[in-house]
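Just need the whole structure built from these sequences, with the hints factored in.
Listed below are the residues making up each chain.
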Amino acid sequence: MDFSILIGGAAGQGLDTSAQILELILKRCGYNVFTYRDYMSRVRGGHNFTQIRFSDKDISSFTEKVDIVLALNEETILLHKDRLKEGGTIICDKEIAHEDGVLPLPFKKILSKIKNQKVYNTIGLGVILKYFNIPIDIGEEAVNKLFKEKASYDNVLALKEGYSLIDGKYNLKLKEDKKIIINGNKALALGAIAAGCKFYCGYPMTPSTSILSYFSSKSNEMGIMVDQVEDEVAALNMALGASYAGVRAMTGSSGGGFALMVEALSFAGIVEIPVVIVDAQRPGPATGLSTRTEQGDLRFVIHAGHGEFPRMVMALRSPEDAFYQTARAFNIADKYQIPVIILTDLYLADYTNTIDPFDFSRIKIERHISDGKDIDGEYKRYEITDSGISPRLIPGKVDGQVVLADSHEHDEYGHITEDPDIRTEMATKRMKKIDLLKDEIQEPWLIGEEKPEILIVCWGSTYGAVKEAVSKLIEEDYSIGALVFGDIWPLPTRRLMELAKTAERIVDIEQNLTGQLDSLIREETPYKSDYKILKFDGRPFSGEEIYRRLKKEVLKR
Amino acid sequence: MNCEYKLYEPSWCPGCGNYMIRTALKMALEELKIEPHEVVLVSGIGQAAKMPHYIKVNGFNGLHGRAIPPAIGIKLANKDLKVIVESGDGDSYGEGGNHFIHAIRRNIDIAHFVHDNQIYGLTKGQGSPTTAMGQKTTLQFDGVKVEPIKPLALALTMGAGFVARGFSGDIPHLVYLMKEAIKYKGYALVDILQPCVVWNKVNTFAWYKNRVYHLPDDYDYTNKEEAMKKALEFDERIPIGILYREEKETYEDRFDFIKNGPPLVDRQLNPMDAERLMEEFK
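Quick note, the sequences are listed as chains V and C, same order.
If you read the first sequence in numbering that gives the first Met the number 0, its first letter stands for residue 0, the second for the next number, and so on.
If you read the second sequence in numbering that gives the first Met the number 0, its first letter stands for residue 0, the second for the next number, and so on.
There's no promise every hint is true.
Simulated pairs of lysine-lysine, DSS-like, Cα-Cα distance not exceeding 25 Å [unchecked claim]:
{"id": "1", "chain 1": "V", "residue 1": "Lys172", "chain 2": "C", "residue 2": "Lys281"}
{"id": "2", "chain 1": "C", "residue 1": "Lys32", "chain 2": "C", "residue 2": "Lys178"}
{"id": "3", "chain 1": "V", "residue 1": "Lys147", "chain 2": "V", "residue 2": "Lys159"}
{"id": "4", "chain 1": "V", "residue 1": "Lys534", "chain 2": "V", "residue 2": "Lys471"}
{"id": "5", "chain 1": "V", "residue 1": "Lys396", "chain 2": "C", "residue 2": "Lys55"}
{"id": "6", "chain 1": "C", "residue 1": "Lys5", "chain 2": "V", "residue 2": "Lys396"}
{"id": "7", "chain 1": "V", "residue 1": "Lys174", "chain 2": "V", "residue 2": "Lys149"}
{"id": "8", "chain 1": "C", "residue 1": "Lys208", "chain 2": "C", "residue 2": "Lys184"}
{"id": "9", "chain 1": "V", "residue 1": "Lys372", "chain 2": "C", "residue 2": "Lys55"}
{"id": "10", "chain 1": "V", "residue 1": "Lys379", "chain 2": "V", "residue 2": "Lys431"}
{"id": "11", "chain 1": "V", "residue 1": "Lys114", "chain 2": "V", "residue 2": "Lys93"}
{"id": "12", "chain 1": "V", "residue 1": "Lys64", "chain 2": "V", "residue 2": "Lys363"}
{"id": "13", "chain 1": "V", "residue 1": "Lys396", "chain 2": "C", "residue 2": "Lys184"}
{"id": "14", "chain 1": "C", "residue 1": "Lys55", "chain 2": "V", "residue 2": "Lys379"}
{"id": "15", "chain 1": "C", "residue 1": "Lys25", "chain 2": "C", "residue 2": "Lys258"}
{"id": "16", "chain 1": "V", "residue 1": "Lys177", "chain 2": "C", "residue 2": "Lys281"}
{"id": "17", "chain 1": "C", "residue 1": "Lys32", "chain 2": "V", "residue 2": "Lys396"}
{"id": "18", "chain 1": "V", "residue 1": "Lys372", "chain 2": "C", "residue 2": "Lys5"}
{"id": "19", "chain 1": "C", "residue 1": "Lys258", "chain 2": "V", "residue 2": "Lys396"}
{"id": "20", "chain 1": "V", "residue 1": "Lys363", "chain 2": "C", "residue 2": "Lys281"}
Some residues of chain V that are not near chain C, with every Cβ distance over 12 Å (derived) [claimed, not checked]:
{"id": "21", "residue": "Ile95"}
{"id": "22", "residue": "Asp420"}
{"id": "23", "residue": "Arg493"}
{"id": "24", "residue": "Glu497"}
Since the hints were derived computationally from the structure, they do not count as laboratory data.
We put the CB at the ideal spot given by N, CA and C, even for glycine.
What follows is the structure, given as structure tokens:
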């Protein structure tokens, strides 16, 4: 079984709360849930919708076709009626039920009975519950969890009223609820907190803002300093100050804010202070599409910053990956004293998915900080070593030793120098870390066939949709597999080189205009893709779209 | 305990006011009996910003205009450190103007010493945010055509709790100001007038020397209106001293977990402590 429910209306109509209640109810029933949110850059009006998909199988994408539409306004009916599956239902108030096949219900009448205009959506949720014959007490529990007392009372009334409006159509079998439900940004922030991040600062910018607000909500409880800075220039410089003083520090923004951090990114390179930076991508250039998604910043973050210095870039593939990879990013930043950039995007930032609970015992905190006992004589912050990594002292922690961090080219002590030999030695020392990183990086995940004829290459958040498309094609006996890159700079090439040798065709799938991963592959390996499936309209790929385009554009040729 | 601050050979021009400011800084820190490893000197870029290279102390020599943000990060990460920002007028009021304003809003416990020579030294003589209107420079050939920033007045209107002006040619007085600023719990601004012997032929040592005067003994530095008048007095006479002082809660003390706990850098880290946060997603 596999159902999708769409709730649509204008901004300000409480769509998100309703979606949260419904996804919690379905999770409580023991089902896998995937919720995709599509919203405009406005606080009131416009058209927003949320799609809640649930199934007894693993799901990692949304679907184009839906079973039920809960329309909070007439526009929703007009925009989404064609997406209804055969036998699907549109639920709405009878005043806006002008189309055929729409189920008109007395929402307005119930509202006047409860005397609370805000419970409109919950009546609809009651109808949906009844449609699937879900016990009302599961609905009540979810409502009580998400609303405060008074609101909760009225919403339970509304839920019950809705529940009594129709006859049930489907008997949903109840199963054990063993999962958590979380979006990419909260999973990312939770990974950082588990890793001991004690400092997060940022300037609000969609779609990174929910990282900032999640951190802020845990600030007192977890003892984490969270600062809403005056601008993103301050953000990275401040995080670098906090890290210099010895705490794990992170900042995040979207591409535009990341652009403002670029000078400080270059600074992080020469000053050799560990830091983790999140770029939650949205379509550019410039302001672009504020509340839409894209993978357009890959090349940008790999090359951003004047001068040459090592960095690592990792792309997050799912909420689960977001948790573990973010925690790992801090260890890598500390070990190599480099900036680690985490790439996510609006789609992954916002969608919620049921996943196995995180295993916190898997998180290891490795700081690589010297206590000073191994330092002979005067401390050299930039001591030349075989590995290129100099011992790191924290200022104030070792009596008699001072730590000098410098943005100029500097000698081993951190003092300004223009000496050509020292410059050559220091630049070489720093860049040695990129070779060490090549042993640190993880190969891309392989999904599908182990030795596929059709080899897909993709990265980051397209993972879920690609996975669904690949499984479907394997069921149809295609020899197909996909390499999904997480660690992406330096680019891990071992697994790709192996599979590319035997693959008949390589297909690049990305959410950008120019195929940035493909260009990276051409640069780093003797291979390139034979075909590209690209999408840059600001909307995420569904599994169905990738399946359809692979069939039409690649497999039929 | 060793509170002696070692000095390194600077690359400043002979006669530069920076030498006197460094002498005052060394004396202030030594008299306060703070050890070099307990202090961080944070700077941006400019001649003044080279200070962390010329006195042995923890140093963070960052980007142009960006001395304040890392200073804030350092103080929040380790409240036990004495954090001093030492930079020029271009760095503090020009490139870093936005950070200056917002540092005052926060009132974080850092001392900010601005070497104000009313000119750009490192880049050879262009107008700075404090260069007087009409003054000819190596870039503004017909004279500067924008109004100068009035840093002390700006700081006062933003609500700064410690606003002072010093002069590099009056070392004992400057040592006093620096000590008071370092001891002050909150954001403390000391704008330090200094000649640039090469690039500023107007605001010379003699120009300052003839104008500066100590605020009288009976001056009431808790009177904000009076302080505003003194902050704007920059003509034939220039007052030096603590113009305004008010005790205020610091930014870091507004966070209970910082105020009532060990410095963040000393907290024990255990991933299992965060496991309970998963409850809300169940």
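Legend entry - arginine 493(V) non-interfacial with respect to chain C [C-beta, more than 12 Å]: Check passes; 30 Å lies beyond 12 Å.
Inset, instruction - Verify the proposed pairing of lysine 372(V) with lysine 5(C), using a straight-line Cα cut of 25 Å. - result: holds, 23 Å
Inset, instruction - With a cut-off of 25 Å on the C-alpha distance, tell me whether lysine 174(V) and lysine 149(V) pass. - result: It is violated: about 31 Å lies between the C-alpha atoms, which goes past 25 Å.
Legend entry - Given hint lysine 55(C) paired with lysine 396(V) - CA-CA distance at most 25 Å: Between lysine 396(V) and lysine 55(C) the Cα gap is close to 16 Å, so the pair holds against 25 Å.
Legend entry - Given hint lysine 159(V) paired with lysine 147(V) - CA-CA distance at most 25 Å: Holds, at about 18 Å.
Inset, instruction - Starting from lysine 64(V), check that the Cα of lysine 363(V) is at most 25 Å away, please. - result: violated, 42 Å
Inset, instruction - For the pair we were handed, lysine 372(V) and lysine 55(C), check the Cα-Cα distance against 25 Å. - result: The hint holds at about 21 Å.
Inset, instruction - Verify the proposed pairing of lysine 32(C) with lysine 178(C), using a straight-line Cα cut of 25 Å. - result: holds, 11 Å
Inset, instruction - Decide if the proposed pair is consistent with the structure: lysine 208(C) and lysine 184(C), CA atoms, cutoff 25 Å inclusive. - result: violated, 31 Å
Legend entry - Satisfaction of hint between lysine 281(C) and lysine 363(V), Cα-Cα up to 25 Å: At roughly 23 Å apart (the allowed maximum being 25 Å), lysine 281(C) and lysine 363(V) satisfy the hint.
Legend entry - Agreement of lysine 396(V) and lysine 184(C) with the hint, judged by alpha carbon distance not exceeding 25 Å: Answer holds: lysine 396(V) to lysine 184(C) is near 22 Å, not above 25 Å.
Legend entry - Restraint check for lysine 55(C) with lysine 379(V), where alpha carbons must lie at most 25 Å apart: holds, 13 Å
The structure fails to meet hints 7, 8, 12, 15 from the earlier list, while all remaining hints are met.
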